[in-house]
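For chain Y, the structure is supplied; the task is to place chains L, R, D, G and A with the ligands on it using the hints.
Residue numbers (this note's numbering), protein chains in the order written: chain Y, 1 to 454; chain L, 455 to 908; chain R, 909 to 1362; chain D, 1363 to 1476; chain G, 1477 to 1590; chain A, 1591 to 1704.
Hints in this document: simulated from the structure, not taken from any laboratory. Note that beta-carbon positions come from the ideal geometry of N, C-alpha and C, so glycine has one too. Some hints here could point you the wrong way.
Quick list of in silico lysine-lysine cross-link-like pairs, DSSO-like style, CA-CA up to 27 Å [unchecked claim]:
{"id": "1", "chain 1": "G", "residue 1": "K1483", "chain 2": "G", "residue 2": "K1556"}
{"id": "2", "chain 1": "R", "residue 1": "K946", "chain 2": "Y", "residue 2": "K38"}
{"id": "3", "chain 1": "A", "residue 1": "K1609", "chain 2": "G", "residue 2": "K1505"}
{"id": "4", "chain 1": "A", "residue 1": "K1600", "chain 2": "G", "residue 2": "K1575"}
{"id": "5", "chain 1": "D", "residue 1": "K1381", "chain 2": "Y", "residue 2": "K239"}
{"id": "6", "chain 1": "Y", "residue 1": "K431", "chain 2": "Y", "residue 2": "K362"}
{"id": "7", "chain 1": "A", "residue 1": "K1619", "chain 2": "A", "residue 2": "K1597"}
{"id": "8", "chain 1": "G", "residue 1": "K1505", "chain 2": "D", "residue 2": "K1403"}
{"id": "9", "chain 1": "R", "residue 1": "K939", "chain 2": "Y", "residue 2": "K21"}
{"id": "10", "chain 1": "A", "residue 1": "K1670", "chain 2": "G", "residue 2": "K1575"}
{"id": "11", "chain 1": "L", "residue 1": "K816", "chain 2": "G", "residue 2": "K1495"}
{"id": "12", "chain 1": "G", "residue 1": "K1564", "chain 2": "A", "residue 2": "K1597"}
{"id": "13", "chain 1": "A", "residue 1": "K1609", "chain 2": "G", "residue 2": "K1575"}
{"id": "14", "chain 1": "Y", "residue 1": "K362", "chain 2": "D", "residue 2": "K1403"}
{"id": "15", "chain 1": "G", "residue 1": "K1556", "chain 2": "D", "residue 2": "K1403"}
{"id": "16", "chain 1": "R", "residue 1": "K929", "chain 2": "L", "residue 2": "K485"}
{"id": "17", "chain 1": "G", "residue 1": "K1517", "chain 2": "A", "residue 2": "K1670"}
{"id": "18", "chain 1": "Y", "residue 1": "K31", "chain 2": "R", "residue 2": "K929"}
Here are some of the chain G residues that sit facing chain R, going by a computed Cβ distance under 7 Å [said to hold, decoys possible]:
{"id": "19", "residue": "F1521"}
{"id": "20", "residue": "S1528"}
{"id": "21", "residue": "R1530"}
{"id": "22", "residue": "G1531"}
{"id": "23", "residue": "L1532"}
{"id": "24", "residue": "I1541"}
Chain Y is nowhere near these chain L residues, computed Cβ spacing over 12 Å in every case [as the list claims (entries may be wrong)]:
{"id": "25", "residue": "N706"}
{"id": "26", "residue": "K844"}
{"id": "27", "residue": "E887"}
Residues per chain are reported as follows:
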Amino acid sequence: MENIISDSVSLVSTDSTFYLKSVMDSITASKAAYLQAKTEITSNSTSINLNAFKLDNLWMMIASALVFIMHLGFATLESGLTRAKNTTNVLFKNTVIPAIGLLTFALCGFGLMYPGAEFTGAFFGFKGFGLNLPDGGETSAYSPSYTYWTDFLFQGMFAATCATIVSGAVAERIKLISFMLFSMFFVALVYPILGMWKWGGGWLNVIGFHDFAGSTIVHSIGGWGALAGVILLGPRLGKFEKGRTYPIPGHNMTSAVIGTFMLWLGWFGFNGGSVLSADAGLVSKVLVTTCIAASAGCIAATFTIFSISRNFDLSMTLNGILAGLVGITAGADVTGVLDSLIIGLVAGIIVVLSVITFDRLKLDDPVGALSVHLVCGIWGTLAVGLFGSKAGLQQVVIQLIGIVSIGLAAFVAAFAIFFIIKSTIGIRVSKDEEIYGLDGGEHGMEAYPDFMNK
Amino acid sequence: MENIISDSVSLVSTDSTFYLKSVMDSITASKAAYLQAKTEITSNSTSINLNAFKLDNLWMMIASALVFIMHLGFATLESGLTRAKNTTNVLFKNTVIPAIGLLTFALCGFGLMYPGAEFTGAFFGFKGFGLNLPDGGETSAYSPSYTYWTDFLFQGMFAATCATIVSGAVAERIKLISFMLFSMFFVALVYPILGMWKWGGGWLNVIGFHDFAGSTIVHSIGGWGALAGVILLGPRLGKFEKGRTYPIPGHNMTSAVIGTFMLWLGWFGFNGGSVLSADAGLVSKVLVTTCIAASAGCIAATFTIFSISRNFDLSMTLNGILAGLVGITAGADVTGVLDSLIIGLVAGIIVVLSVITFDRLKLDDPVGALSVHLVCGIWGTLAVGLFGSKAGLQQVVIQLIGIVSIGLAAFVAAFAIFFIIKSTIGIRVSKDEEIYGLDGGEHGMEAYPDFMNK
Amino acid sequence: MENIISDSVSLVSTDSTFYLKSVMDSITASKAAYLQAKTEITSNSTSINLNAFKLDNLWMMIASALVFIMHLGFATLESGLTRAKNTTNVLFKNTVIPAIGLLTFALCGFGLMYPGAEFTGAFFGFKGFGLNLPDGGETSAYSPSYTYWTDFLFQGMFAATCATIVSGAVAERIKLISFMLFSMFFVALVYPILGMWKWGGGWLNVIGFHDFAGSTIVHSIGGWGALAGVILLGPRLGKFEKGRTYPIPGHNMTSAVIGTFMLWLGWFGFNGGSVLSADAGLVSKVLVTTCIAASAGCIAATFTIFSISRNFDLSMTLNGILAGLVGITAGADVTGVLDSLIIGLVAGIIVVLSVITFDRLKLDDPVGALSVHLVCGIWGTLAVGLFGSKAGLQQVVIQLIGIVSIGLAAFVAAFAIFFIIKSTIGIRVSKDEEIYGLDGGEHGMEAYPDFMNK
Amino acid sequence: MATLEPKMKKIQAIIRASKFEDVRDALHKIGVEFFIFYEVKGVTFQTEQKGSYRGLSIYDSAGSIPRRVLEVVVPESDAKEAINVIKKSAYTGETGDGKIFVSSIEETHRISLG
Amino acid sequence: MATLEPKMKKIQAIIRASKFEDVRDALHKIGVEFFIFYEVKGVTFQTEQKGSYRGLSIYDSAGSIPRRVLEVVVPESDAKEAINVIKKSAYTGETGDGKIFVSSIEETHRISLG
Amino acid sequence: MATLEPKMKKIQAIIRASKFEDVRDALHKIGVEFFIFYEVKGVTFQTEQKGSYRGLSIYDSAGSIPRRVLEVVVPESDAKEAINVIKKSAYTGETGDGKIFVSSIEETHRISLG
Ligand SMILES: Nc1ncnc2c1ncn2[C@@H]1O[C@H](COP(=O)(O)OP(=O)(O)O)[C@@H](O)[C@H]1O
Ligand SMILES: Nc1ncnc2c1ncn2[C@@H]1O[C@H](COP(=O)(O)OP(=O)(O)O)[C@@H](O)[C@H]1O
Ligand SMILES: Nc1ncnc2c1ncn2[C@@H]1O[C@H](COP(=O)(O)OP(=O)(O)O)[C@@H](O)[C@H]1O
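Next comes chain Y alone, as it looks inside the complex (with noise of 0.2 Å):
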């Protein structure tokens, strides 16, 4: 092509008969050169698409992978926190929960959650059983930032969550088969149907409530759930006797600081996977706000327990840096680090406070899940309304609405499911079951059967 135009130019100097020929050669070339150019564009463009789409996919994957991660911080957290005769009870549940999760959320959770456009602002939508990959599924047309597998993984590790947090707080008494049952119908509708509300393009998303990764969606929806199991369960055989309330103290703070550290690292693509795109500015600043608010809610958790009962609490100092987490998981993507260090150190405080406020209530939650997920939770929620880019009074009032009414349905949707399962097949087990141990009574077999218990 470069030939033919060379050529007609070294023939300029002929007559213009042929000059004219030459010229017209040299456009009808220019013309192909341009088209041909004009090809090779598009197709880089394209082929940029593609790699962007790649690329922002492989982020939300390996977020994925990441949030998965998180069931094994929870198993080992909440059954570090247990004593050692309920253990394999308590890992039982939280390795169970991923597959109920997403088996679940595959047959309908998706379709109730992500129920599609014309849904917008609704109260509730369904888009259908089962995971059918739509046309263009695994292009960028499904989304331009992943495939519809991957959109189906990641929420679906998100739904799985949700139903994690009732368990540790539920832990140590609830049977088994109930605590499956309720799981289920909690991921399979609760979860999804309040989901949709703000994720889904519902009307708390339309009237601009504010919640990034899910301080309310995920963790205060798991903790309304767990505070109605707790409160149908009662507490713990010799949790609360003679007036008096005692601590039992968790069997394994290895396993506890494991399950901590699980999830603050899947709390990587908890927060920055919720950017849904891998946006090298959003997703960075993401992760510095996420770990800001983690490290200040440890040291304020660390020392608001220290100047109450003068022992550093490591139990304490663990939900503290989950206290920050859940706290900052609202407003990750609209908050400083100035603002990111606050909340994560008021989450470290309440944190603490809330503990000892719910043993005052009488309300026995083994692990804090109370606390971390459903106090801090409102908290981040609300920070959203006090700090950083959405900062104001408007706001405040429309994180109070998400608060509350996501608040008020998940509450009574777990409490009825509960009642429902304690009124037909009870939700507690027997009482010789409880001191001997859950996993005796419901597995036959114990966690640790080399070792002398005391």
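What follows is chains L, R, D, G and A with the ligands alone, placed relative to chain Y:
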């Protein structure tokens, strides 16, 4: 350049001669502009390809890291399902295996497994010892999606996995040095030579055998090696006595759960990385089928064992997850969501029945490695012929050819190695060492010296 | 636009005047087309660069997450290698360190370590307190491969690592509050000021000192800090008595193995991320040299200790892996596969001899931190002068200058901080607290309250 | 060297761990200042299945039940009261409540008296 | 209040854990319905090296061996048989088989009888 | 069948674990070849706070202190010496040093003698 064009155009109204020159200039300028644009387009193309290459390579490196962490999964799962007195020993084996695996794979395994195109369809090939960066080995000239180094790392991590599978089945009674020798030969020779049949472009690949990420190539080869070891070693003391079969409970369910989750996490890289690129649609689909199968295996195994023993046996639930994962490994790329659900469910049922059957056959496998890796590996390989886009009678036959040929070769080779070791230095520890634990005998230390044992 | 061109061409056979206009139109159209193409090319270029930037930044964020998880590695390794009665304490320290590290690094460390180009070649510089997003800090204007946030996060995770190294060596006897104070100053001032010498563009960087990912800057600085602490604290009760040296076995090998694998995994990000981009060739090569050195260290340490004590001592095998990793950290980018093998083997031998030597010197280091981080850090730094592309006498000298100057400064600074703390609030717990465990004394709780201790 | 003069009895009570705190408090009320306790397993020969592992029934450890042993040494004159108090506070009425064994102690020494 | 009439003997047998099941079954055969057992360490003074850790020999904990203690209280008339049965079933003939100590129990009470 | 002829005494000493090695070595010096030991908890009724968990004081388990029990059976003639030796080597002078109880053993058997 633009100036040149606009200049020439502004001169158009003057005389023809001048005009001629002006047109000529325009064309010349146009040519130059075109050439520059072309250069820019080409340079864009190169950059795009580089980005695509870096992106794919990044995913493959991350997948390698994920497969790496499976070794921690094996270490904690296998030690969790065995007794406290052998914990150091089990952990030790799983710690040195990735080291032995990577070093021997670098020495000769890589050369045996990927001998190059000239061995297409062959039974054996060899490219040479050691790692030698080929020309362009760090660019897409080597492969469109990864560098030579990444290729080695990813494949090397796979190789080590194969040896690790054996370690669980032979635990609590095998001599350490004998096991290390076996592993060395198994990972240096058996795995790469047989792996070459499929993944190195060998004869199985040519006849159309499909094994996406290694249900047969990794898991069954490992499983056959385990079977040879189990047969030649005999059962643990106290397992089969006076005509009865006694359970020997694992010492640490927390460990076992950590292990299972680490393995599931690793499988994101094991299967996801086996796409060998970051292709958005395929990788994310593979992750979904992988997770659905794992979840299905979890649920199926849970209820299968419950229907048998009336207990929710956590160790079986964990095996069920792995069964689902191994089952989907051969066909994660060619099966749909529903297929993967069924494959996982069946795997979860099979694994429980298989564990019970091996006990009946008096083949003592402490951790269920035979059932998970061998039996479900076979199931998964076969399932490619039954479900998904490759399903068909012919494919079933081909899959069977692959299963049988690889199985025969792996079993015979492993049996031979174990047999030679048994006939020379022996493979089983003394009765006393077995009773008091291999930790004392082989390592002179306890895994948990501060705790009282039962 | 294409239409304009083809129209003009179809009119070529008419008269010259008309033709003139036609040519002019063609040229005008051509010019417009060109301009648009140019815009598209430029926009493509921008998109390409953005993709490249996002891609590199993604890898750096993932690397940060990997380095983060090293803190779990340290927590479980160090607590696993110490006694059950001090587990809560060891875990606590390793949990608050990343929090302290990130917060102080945000406060002043980042500003001290990367003061900016105007301090090139200097001994000290300071950019200011806090995190202040510079103009373009979220784009490639800040750096071609990562945002300001990512930069902070990655470097902050490194900083925290340095303090963590100290914690293991001083475990089981240091007062908690004293350790927290030390860590704060160490990570806020000592690490960043000395780190600046190399990575902040300071004088060591200018003279050509090579320390890829921190054998000296991170590991040796931490190691020198540990040495100062060990000297000022004295040995644990019962370690050196009646002229003999008694082993004090670690309480939990499962923990120790989890820790080591988490550290190895983290090193994928520690070394891989130190490339500071997702460069396919370099990152993947670094990962291979890293893993080969770790494997070599594992095998070498295993057989070195076996030849000494006739036991396969798992704790030494784990130390060997870390020794290999620390050893390769300085030169992972400039050494070949064979070099890394030798560096790892030597590190594995050194670490065992070093542990035994420190015992002889009556320097009590419960977890081998001095041997792994200090001694192998020095070895690795030196190895850059002996192997790989920078090898040479001159480089050896430069490396020695770096080792000695950093070592001196770090040791003196750490000694001073510890000394001041010792002279004021004290650094060692009471004898009673040490005997009954720091868990009771500092934390008022046990790590494993349900198990019987020996 | 303090061999205590009054004749002493050792009361060894095998009780349910769940009754431990009641027994402890009851003993405290009647003036017992110290005693020791430790964990034992009681063997029964009803081989009812108490668990399973990987499809195999766990009979053996099922045949043993965890119990706590209290050992308290009291002067002969107080033994009756102590026994009664233990019996009452450890009582549930169901089989498995445990046993109390009484034996003679010939000398007791308090180490801290030197 | 059931002080059992016949004179009772407490048999305390220190045996190998590996012989436990044999002893248990043997006792069962002669009609022993219940007994308790717990884990103890036997101290020996042979300081042979039994392990090492980080290059340092472990001597001390090597000097203790794990043993299981069985305690069964039987009527005096049955004691001889029980002792013989334990001796036979716990026997390997090698040093370390353990010891049996017999002492008097003055009263026994069954808590569940109130 | 070896019922040892001399009258035997069982010495049960409840001592601090931290004094264990001293006692062990002291016993060894006077010729004691074997004894057993196990871990117990001693209950005290001083409810001083010994820790806290999640803001709640830990009193109860604070009311129990870990102690080690040594049981050694010796001929009557050696009992005095053994007791003295234990008292001396387990002594710190502070409250909590522990107690020693002596009782009669009527028969002892060595299983390995068959
Ligand atoms: N003769 C005995 N010698 C030693 N321990 C015994 C004896 N009889 C019962 N025990 C122990 O006492 C505990 C409770 O005794 P049990 O007989 O079950 O109570 P109950 O008398 O209410 O049926 C059990 O753990 C059992 O092992
Ligand atoms: N005099 C004793 N008092 C208390 N325990 C003893 C006594 N003699 C032996 N034992 C314990 O009995 C167990 C086995 O005794 P041993 O003497 O080793 O057996 P053997 O008589 O076959 O040599 C050991 O654990 C030992 O500690
Ligand atoms: N009468 C008793 N019966 C059983 N154990 C006792 C008795 N008196 C003390 N002990 C136990 O002995 C141990 C030490 O006794 P203690 O009285 O505290 O020592 P001291 O005599 O120095 O005050 C404690 O663990 C305690 O439980």
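Next on the checklist: For a C-alpha distance cap of 27 Å, please report whether A:K1619 and A:K1597 respect it.
Outcome noted: holds, 22 Å
Checklist entry - Are the Cα positions of A:K1609 and G:K1575 separated by 27 Å at most? => result holds, 26 Å
Next on the checklist: Does L:N706 clear chain Y by more than 12 Å, comparing its Cβ with all Cβ atoms of that chain?
Outcome noted: Per Cβ check, L:N706 is inside 12 Å of chain Y; nearest 6 Å; violated.
Item to check | Pairwise hint evaluation, D:K1403 against G:K1556, where the allowed Cα distance is 27 Å at most | outcome: Judged against 27 Å, a Cα distance of about 24 Å means the pair holds.
Item to check | Pairwise hint evaluation, L:K485 against R:K929, where the allowed Cα distance is 27 Å at most | outcome: holds, 21 Å
Next on the checklist: A closest beta-carbon separation below 7 Å is what the hint needs, so does G:S1528 meet it against chain R?
Outcome noted: holds, 4 Å
Checklist entry - Within a Cα-Cα threshold of 27 Å, do G:K1517 and A:K1670 meet the stated pairing? => result holds, 24 Å
Item to check | Given pair status - G:K1495, L:K816, alpha carbons within 27 Å | outcome: With Cα atoms ~24 Å apart, L:K816 and G:K1495 stay inside 27 Å; holds.
Checklist entry - Can the restraint linking R:K946 and Y:K38 be considered satisfied, given a maximum Cα separation of 27 Å? => result holds, 10 Å
Checklist entry - Measuring from the C-beta of G:L1532 to each C-beta in chain R, is the shortest one below 7 Å? => result Nearest chain R Cβ about 4 Å off; hint holds.
Item to check | Proposed interface contact between G:I1541 and chain R, which counts if any beta carbon pair is under 7 Å | outcome: Violated - the Cβ of G:I1541 stays beyond 7 Å from chain R, reaching only about 14 Å at its closest.
Checklist entry - If you draw a straight line from the CA of Y:K431 to the CA of Y:K362, is it 27 Å or shorter? => result holds, 19 Å
In the structure shown, a violation is registered for the earlier hints numbered 3, 14, 19, 24, 25, in ascending order.
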